[in-house]
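Read top to bottom, the protein sequences are chains A, B and C. Take 1 as the starting number for the first sequence in the numbering used here and just add one per residue. Take 283 as the starting number for the second sequence in the numbering used here and just add one per residue. Take 551 as the starting number for the third sequence in the numbering used here and just add one per residue.
If you're looking for bench data, these hints aren't it; they were derived computationally from the structure. We treat Cβ as the ideally placed atom computed from N, Cα and C, and that holds for glycine. Be aware that a few hints might be false.
[As the list claims (entries may be wrong)] Derived PhoX-like pairs (lysine-lysine); straight-line CA-CA distance at most 20 Å:
| hint | chain 1 | residue 1 | chain 2 | residue 2 |
| --- | --- | --- | --- | --- |
| 1 | C | K686 | C | K584 |
| 2 | C | K686 | C | K794 |
| 3 | A | K174 | C | K738 |
| 4 | A | K192 | C | K739 |
[To be verified] FRET-style restraints, in silico, Cβ to Cβ:
| hint | chain 1 | residue 1 | chain 2 | residue 2 | range |
| --- | --- | --- | --- | --- | --- |
| 5 | B | K456 | C | D799 | 28 to 34 Å |
| 6 | B | A286 | C | R725 | 46 to 52 Å |
| 7 | B | F412 | A | S12 | 21 to 27 Å |
| 8 | B | G415 | C | A571 | 31 to 37 Å |
| 9 | C | Q574 | B | A455 | 55 to 61 Å |
| 10 | C | A571 | A | A84 | 47 to 53 Å |
| 11 | C | Q638 | B | I289 | 55 to 61 Å |
| 12 | A | S12 | B | H539 | 44 to 50 Å |
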Amino acid sequence: MKRRRSLLWVLSLVALIATYALVARAVSRPDVLPPAQDLAGAFAALVGRGQAPAAGGEHQHHHHSSDQVDTLLQEGVTLQASLAVSTARVLFGLVVGVPLGILLGLLLGWSRRADDYLHPIYVLARSVPPLAFITYIMLWLGHSEAHRLIPIVYAVAVTAVIPTYHGVRDIAGKYVVAARSLGARGRLLLAKVVLPAAAPAVLGGLRYSVAIAWMTAVGAEMLMAENGMGNLLVGGGMWSSRLQTRSDPAVIIVGVLALAAAGWAMDAATRLVTARLTRWAR
Amino acid sequence: MTGAVKIRRAVIGLVTVAALYAFASEIGRGRLPDRVWLGAHYVENVQLLPTWRSLAEEGTFLIESGILPSSVAVSTRRVMLGLLLGSVAGILLGLLTGWAAHVESLADPWVTFFRYTPALALLPLYVVWFGYGEASKVLLIATNVAMITLLGAQHGVRGVPRVYLDAASSLGAKRWLRFRKIVLPAAFPSIFASVRIAAGLAWVTIVVAELIDARMPSLGYLLALSGAYPRVPSMLIGIATVGALVLAFDLLALLVHARATRWMGRAG
Amino acid sequence: MKANAAPLEAADVSYAYPGVAPTQALQGLNLRVKENEFLAVLGPVGCGKTTLLRIFAGFLRPTTGSVRCAGSGIDGPGRERGYVLQEQSIFPWMTVRENVEFGLLAQGLAEPDRRRVSDELIQLIGLSAFEAAHPKDLSAGMSKMVEVVRVLATDPSILLLDEPFGALDAQTRTRMQDALARLWERRKKTVVFVTHDVEEALYLADRIVVLSERPGRVKAEFAVGLPRPRSLETRFSGALLAMKRQVWDALVS
Numbered sequence: 001m002k003r004r005r006s007l008l009w010v011l012s013l014v015a016l017i018a019t020y021a022l023v024a025r026a027v028s029r030p031d032v033l034p035p036a037q038d039l040a041g042a043f044a045a046l047v048g049r050g051q052a053p054a055a056g057g058e059h060q061h062h063h064h065s066s067d068q069v070d071t072l073l074q075e076g077v078t079l080q081a082s083l084a085v086s087t088a089r090v091l092f093g094l095v096v097g098v099p100l101g102i103l104l105g106l107l108l109g110w111s112r113r114a115d116d117y118l119h120p121i122y123v124l125a126r127s128v129p130p131l132a133f134i135t136y137i138m139l140w141l142g143h144s145e146a147h148r149l150i151p152i153v154y155a156v157a158v159t160a161v162i163p164t165y166h167g168v169r170d171i172a173g174k175y176v177v178a179a180r181s182l183g184a185r186g187r188l189l190l191a192k193v194v195l196p197a198a199a200p201a202v203l204g205g206l207r208y209s210v211a212i213a214w215m216t217a218v219g220a221e222m223l224m225a226e227n228g229m230g231n232l233l234v235g236g237g238m239w240s241s242r243l244q245t246r247s248d249p250a251v252i253i254v255g256v257l258a259l260a261a262a263g264w265a266m267d268a269a270t271r272l273v274t275a276r277l278t279r280w281a282r
Numbered sequence: 283m284t285g286a287v288k289i290r291r292a293v294i295g296l297v298t299v300a301a302l303y304a305f306a307s308e309i310g311r312g313r314l315p316d317r318v319w320l321g322a323h324y325v326e327n328v329q330l331l332p333t334w335r336s337l338a339e340e341g342t343f344l345i346e347s348g349i350l351p352s353s354v355a356v357s358t359r360r361v362m363l364g365l366l367l368g369s370v371a372g373i374l375l376g377l378l379t380g381w382a383a384h385v386e387s388l389a390d391p392w393v394t395f396f397r398y399t400p401a402l403a404l405l406p407l408y409v410v411w412f413g414y415g416e417a418s419k420v421l422l423i424a425t426n427v428a429m430i431t432l433l434g435a436q437h438g439v440r441g442v443p444r445v446y447l448d449a450a451s452s453l454g455a456k457r458w459l460r461f462r463k464i465v466l467p468a469a470f471p472s473i474f475a476s477v478r479i480a481a482g483l484a485w486v487t488i489v490v491a492e493l494i495d496a497r498m499p500s501l502g503y504l505l506a507l508s509g510a511y512p513r514v515p516s517m518l519i520g521i522a523t524v525g526a527l528v529l530a531f532d533l534l535a536l537l538v539h540a541r542a543t544r545w546m547g548r549a550g
Numbered sequence: 551m552k553a554n555a556a557p558l559e560a561a562d563v564s565y566a567y568p569g570v571a572p573t574q575a576l577q578g579l580n581l582r583v584k585e586n587e588f589l590a591v592l593g594p595v596g597c598g599k600t601t602l603l604r605i606f607a608g609f610l611r612p613t614t615g616s617v618r619c620a621g622s623g624i625d626g627p628g629r630e631r632g633y634v635l636q637e638q639s640i641f642p643w644m645t646v647r648e649n650v651e652f653g654l655l656a657q658g659l660a661e662p663d664r665r666r667v668s669d670e671l672i673q674l675i676g677l678s679a680f681e682a683a684h685p686k687d688l689s690a691g692m693s694k695m696v697e698v699v700r701v702l703a704t705d706p707s708i709l710l711l712d713e714p715f716g717a718l719d720a721q722t723r724t725r726m727q728d729a730l731a732r733l734w735e736r737r738k739k740t741v742v743f744v745t746h747d748v749e750e751a752l753y754l755a756d757r758i759v760v761l762s763e764r765p766g767r768v769k770a771e772f773a774v775g776l777p778r779p780r781s782l783e784t785r786f787s788g789a790l791l792a793m794k795r796q797v798w799d800a801l802v803s
């Protein structure tokens with residue numbers, strides 16, 4: 001049964017690629033649906049060391065010296081560098097944001113009093129999309145890395161609160177009762193009972209944090225960065241001239257595929273780590 | 283803890299934050315820089331922390347001039363359209379793929395591709411395909427919403443306890459009836475939760491899409507414009523308005539959920 | 551510790567769950583638990599038995615009236631009142647041994663000391679083979695016994711058990727009841743055992759207290775004069791049957 005499923009999966013993937021190729025051929029508008037060679041060409045151009053393909057040279061479609069590709073290559077942007085930069089931003093956001101979110105979630109979940117006072121503020125804070133106030137932050141910090149990273153950290157932290165809160169409040173409750181009747185207090189209670197009890201919920205929610213981190217990072221890069229995948233997708237150039245660069249769909253598709261691959265990889269890693277850490281769970 | 287105590291504490295918390303901000307804006311008045319470097323030039327007279335009063339004045343201006351209401355209308359319309367399109371498509375597909383395992387395997391590569399792509403990344407592509415304007419934005423939201431609700435519906439269908447279905451079968455219920463009367467209600471909570479999440483993300487998406495392709499009137503345009511001058515009170519009010527709308531949608535979703543599950547009885 | 555003070559005493563205790571429409575769980579309840587007695591608290595569903603136990607355990611404060619432990623007021627949970635919840639609360643992230651040793655860890659005992667105690671207790675319930683297993687590999691009955699000895703490890707003077715065997719099937723329940731009876735007969739403690747099963751109460755207890763329907767108060771009291779140690783014979787004895795009828799009548803009337 002499983003083998004048949006995987007077979008169907010592969011067939012479907014092949015069908016997806018084939019359909020794309022056919023439709024692209026049929027529609028015959030390389031500026032909208034670039035044929036496979038264009039995709040390959042764009043990929044090659046972006047992965048290469050920032051050299052513009054020789055005029056006329058190996059590629060027949062001068063389509064690849066599109067505005068977008070040229071602008072990017074002129075700035076020395078490559079696919080791998082962009083991916084690396086974006087990944088770095090995402091990881092930073094996770095490393096800083098997740099603990100912050102967990103701390104807040106612990107506080108709100110543990111103390112009814114703190115929850116009563118702070119929860120409404122939290123709800124307001126999480127309602128504002130961090131990318132909405134990125135322009136405001138820019139006024140304070142200028143065009144700096146911090147100004148791009150803060151929304152990512154914020155989004156991650158706000159997302160990580162929810163599963164932690166749920167884990168502490170709903171799940172850990174009965175274990176805490178049992179532990180306190182055994183004489184456990186303070187740090188022992190927190191470290192040996194509350195955290196492990198909430199762990200499956202927290203780790204389960206990690207996947208959402210990862211997804212949000214990617215989304216916010218790409219968004220921030222599209223708006224306000226000269227590097228990273230978001231920047232690559234909107235075609236390089238400075239903020240004000242972004243819309244002037246004519247978009248090359250081949251670049252975008254290649255970029256999106258690369259992002260999907262990176263997102264999948266990080267999600268798989270998260271799932272692995274989660275499974276490893278919660279081996280005791282049913 | 284009675285409800286009254288909770289409300290009182292909530293109010294205290296909110297009022298404290300408001301007061302702290304007022305305090306900060308007063309101190310800031312004298313001390314914060316009021317020149318901002320905007321990449322090419324300095325701009326004078328920028329209030330980095332506008333006082334509550336100037337926010338109120340600006341807010342009144344924005345509302346009375348019709349700027350805020352029309353921006354809200356445009357952005358909300360896009361979000362709702364995208365939500366509607368996306369959730370219908372996503373839920374139907376999710377129900378189908380959750381129920382029929384073979385279909386699921388067929389659809390999986392497509393789902394996986396869209397699932398791991400941050401929605402915003404598709405914006406440039408949609409712009410190429412559908413041009414600047416309504417279509418690309420609404421479709422972008424719809425895609426994102428469809429993805430999330432598909433997963434929610436799929437999860438909901440798969441999560442139906444086998445025993446319910448077996449019990450129904452042994453009572454003679456045919457496949458379609460089982461689906462309608464057992465699977466759908468049981469899947470409702472998961473579907474609904476995913477719609478709620480999707481709504482939040484729809485707002486994130488629209489704000490960024492409108493910031494990148496800013497044309498009036500829209501909330502994103504308001505943010506972009508007030509960022510360009512910069513006119514901080516407008517910016518903050520725009521940000522707060524987005525937040526308020528997200529909150530409103532979320533509360534509405536909670537309300538609908540409570541109503542729905544009430545006359546459905548406790549679903550599991 | 552005041553001399554002659556009862557290990558547990560509830561004086562005119564009332565408890566109302568807060569909310570829009572407060573639920574009165576207990577009303578005017580008076581109860582005095584005797585030293586080292588096995589007391590069963592019997593009552594219909596929803597009569598407040600769990601609430602009473604939670605109050606004794608220190609997790610709830612009575613709305614009116616007072617509860618005392620060995621003469622002093624109860625001010626929160628404590629090691630001297632070991633509490634086994636109704637829900638499964640064995641720590642799934644710890645092994646059986648780690649679970650049993652947890653209370654000792656909280657006390658600050660060193661590893662070899664903890665080991666000694668846990669060795670004995672794990673053997674007592676016959677789970678030596680499972681000492682390194684995680685709860686996901688245990689049956690419900692086994693998990694419950696681990697919870698019971700986990701609480702015994704800290705040697706509390708009072709044991710509060712809330713329908714511990716309620717979720718088990720009939721045979722397992724019988725075995726667990728036997729195991730508990732053996733345990734108690736070996737190391738006498740004051741036990742307050744909540745149940746809705748009349749036969750279970752008769753088999754295990756020295757005294758039975760019957761609670762009324764909500765709001766709960768003490769409706770009837772029975773001294774269980776059955777000989778110890780209790781055995782299979784006891785379960786089928788005429789004496790138990792006769793008492794069963796009496797207690798049942800008190801419960802449902």
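How the hints compare with the structure:
1. C:K686 to C:K584: 38 Å, violated
2. C:K686 to C:K794: 37 Å, violated
3. A:K174 to C:K738: Measuring from Cα to Cα gives roughly 27 Å; hence the hint is violated.
4. A:K192 to C:K739: Not satisfied, since the Cα-Cα distance of roughly 28 Å exceeds 20 Å.
5. B:K456 to C:D799: 28 to 34 Å: 51 Å, violated
6. B:A286 to C:R725: 46 to 52 Å: Holds, at about 50 Å.
7. B:F412 to A:S12: 21 to 27 Å: 26 Å, holds
8. B:G415 to C:A571: 31 to 37 Å: For A571 (chain C) against G415 (chain B), whose Cβ atoms are near 55 Å apart, the range 31 to 37 Å is violated.
9. C:Q574 to B:A455: 55 to 61 Å: 44 Å, violated
10. C:A571 to A:A84: 47 to 53 Å: 60 Å, violated
11. C:Q638 to B:I289: 55 to 61 Å: 36 Å, violated
12. A:S12 to B:H539: 44 to 50 Å: 34 Å, violated
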